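Trainee: Please build the complex by placing chain A with the ligands on the supplied structure of chain G, with the hints as guidance.
Top line first, the protein sequences correspond to chains G and A.
No gaps in the numbering here: position 40 of the first sequence is 44 in the numbering used here, and each next residue is one more.
No gaps in the numbering here: position 2 of the second sequence is 153 in the numbering used here, and each next residue is one more.
What the hints contain is simulated information worked out from the structure, not anything from laboratory work.
Please note that a few of the clues may not be correct.
Far from chain G, some chain A residues (derived; all Cβ distances over 10 Å) [stated by the list, open to error]: (1) Arg165; (2) Gln168; (3) Ser176; (4) Ser210; (5) Leu280; (6) Gly282; (7) Pro351; (8) Ser352; (9) Glu355; (10) Ile361; (11) His362; (12) Asp365; (13) Asp373.
A partial selection of chain A residues facing chain G, derived with a Cβ cut-off under 8 Å [unchecked claim]: (14) Gln200; (15) Arg231; (16) Phe236; (17) Ala260.
Under 8 Å between C-beta atoms, here's a sample of chain A residues computed to sit facing chain G [stated by the list, open to error]: (18) Thr227; (19) Tyr242; (20) Leu255; (21) Pro256; (22) Arg303; (23) Gly307.
All figures in this text were calculated on a predicted structure; none of them were measured in a lab.
Cβ coordinates follow ideal geometry from the N, Cα and C atoms, glycine included.
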Amino acid sequence: MTTLLQTLSSVRYSPGRTFLTALGAALGIATIVALLAVGNGARHSAGDFVHLGASDLALFQKDAADPTTSVLPTSLIPEVRRTPGIADATPLVLLVEDVPKDPSAIVFGAQPNSFYTSRLVFGAGHMFSAADQIVVGDGLASQLHLAVGDQLKVHRRPFQVVGIYHIGIAYQDSGAFIPLRVAQSILGRQGETTLIGVKLAVGTRPAAVEGTLSHRYPGIATIGTPEEAARLGANGQLISNAALVIAVLALVIGGIGVLNTMMMAVIERRSEFALLSAVGWSGPQIAFRVVMEGVVTTVIGAALGLLLGVIGAHFLIDALGAQQFVAPRVTAWDLGRALLVGVLIGVLGGLYPAWRAAHLSPAQILAQR
Amino acid sequence: MPGARVVAEHLSRRYGQVLALDDVSFEVEPGELLALTGPSGSGKTTLLQLIGSLDRPTSGSIGVDDIAVEQLSNPTHFRRSIVGFVFQLHYLLPALSLQQNVELPMMAAHVSRQERAERSRELLKEVGLEGRAQDHPSELSGGERQRVAIARALGGFPRLILADEPTGSLDTAASHRVWKLLGDVRDRRGTTVIVASHDPSLTEHVDREIHIVDGRLVPPPDRASPAGGGRTAAARHES
Ligand SMILES: Nc1ncnc2c1ncn2[C@@H]1O[C@H](COP(=O)(O)OP(=O)(O)OP(=O)(O)O)[C@@H](O)[C@H]1O
Ligand SMILES: [Mg+2]
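Bound-form chain G, shown alone (with noise of 0.2 Å):
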């Protein structure tokens, strides 16, 4: 404990490069906890996404991209409906990036008298009942300033706002409904729909009715459980993949920077190292010392880094244009892991330059001439 306390002490010896040692760190834990952060976000979101509205149960193509470029036939449908345990299932298309005004505000196509849009409550108007009519979310008429009457375009189609609603999901409450027919035309689809939402029957195990229907459905992704949203999507692998290779570079960067660092460090103060030798400190009680400093280093580093990455991952999700469907989440154990990968950078980084400083003979280096 006091070999630290020296430690943190020695590293008074150069404040500039242990700062800048330190913010290579920090760089390097601010990408990780960034990429977790919307990691998590995404991950969170994904789950509404399953349960929009009432459904237990949605399915998806399985292997699209992404949960929003699955097309399904509608034909399946009185087919789900008569599966055992499944008391009843209607599609919903979804249209991204089709309301000019703001491209992250989804548009739901749905029946009107489906299980969807039958939770809506509706602060102002009422539902939609004609091609040409819409309701939108309190979230985004408000940022719109949208109100009943108003006319909103979506894919440079005028609809008519007839009613504003509220149900308590991010996506929902930040996006619009309109009539399923339409969508499909919007989209070029008629007869198909993105996902089917299936509600189970009182009683009924998920498990159960995903084993049937995967079965029979091989094409088809049942989908039950936020981690299970995760898993789908092809782009959704491809950014968490991405994010592990960003996560080791930013380690390997890091792990570099403290072995330079402290390779200088050694070097520059060969003779402090073999004078501890020569007063009798053990090889392995000076590489300790070497290997703390790097540990102290990236500690250092961490700490910032948790801050520039909580910070980072709200301008990622900005840049990215995902505010309305990842929203950042850092965990306790986010924080945890952050730290911990510090230490280890600073542990990796430290030991080879903490063998030098343990081998170094202090006969040449003390014998001054």
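Mentor: Frame of chain G; chain A with the ligands shown alone:
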């Protein structure tokens, strides 16, 4: 802590082509203050490093009391608590306070924090730097730094002090004080002290001188000095 007896037998150290020490044998009595003199490059530093376990002889043996130094496979204990080094350059760590510098050898030996603090203050007092424990080396004169280095060397209660040109970069007054301090240490503690030096004033301070030229022991040149060589510690203690 009584001083150590040092016995060197047929010591040689070769660096490639250079025979830095050539069959050197001598004995140092416990509590003796011995000067090691000789021209530059004659092998003084090499000899001190062999005695202090910082280097190994090519052949021959060194005994410090019952310890065969050249055979130590792990010299850390020997360096911590049998021998204390003072170098020409003080090698104090600039980022640490004087107290922390003096504590460095004790840290290696796992001495408790409280005892370290007590001992280091005591030692700083002994070298005339009482009350400056929290100062840093940059705030000290050259002579004061060398006295801190002596305090550091004393931290493990060594039986033997090896000082390599401790006054080599000091002016006359500061040198005098360092010599006096080394003499006091020997007188008070009975520690054996071997000092390699060019300093012409050394004969006033030491018991005996051994002289080395080109790695071989030769009789010391005649010095016009009242003290002469040969006053042993034992003789001094008796008087
Ligand atoms: N590491 C080494 N490698 C090669 N030669 C060395 C090494 N150390 C010492 N020598 C040589 O050994 C001889 C004795 O050197 P040493 O340093 O012991 O002399 P010295 O008496 O201490 O000299 P000075 O009074 O200048 O300090 C010199 O010729 C020196 O060049
Ligand atoms: Mg020398």
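Trainee: So, for every hint listed, does it hold in this structure?
Mentor: Hint by hint, here is what the structure shows:
no. : hint   : result
1   : Arg165 : 14 Å, holds
2   : Gln168 : 17 Å, holds
3   : Ser176 : 21 Å, holds
4   : Ser210 : 17 Å, holds
5   : Leu280 : 18 Å, holds
6   : Gly282 : 21 Å, holds
7   : Pro351 : 19 Å, holds
8   : Ser352 : 21 Å, holds
9   : Glu355 : 26 Å, holds
10  : Ile361 : 19 Å, holds
11  : His362 : 19 Å, holds
12  : Asp365 : 16 Å, holds
13  : Asp373 : 27 Å, holds
14  : Gln200 : 5 Å, holds
15  : Arg231 : 3 Å, holds
16  : Phe236 : 5 Å, holds
17  : Ala260 : 7 Å, holds
18  : Thr227 : 5 Å, holds
19  : Tyr242 : 4 Å, holds
20  : Leu255 : 6 Å, holds
21  : Pro256 : 4 Å, holds
22  : Arg303 : 7 Å, holds
23  : Gly307 : 7 Å, holds
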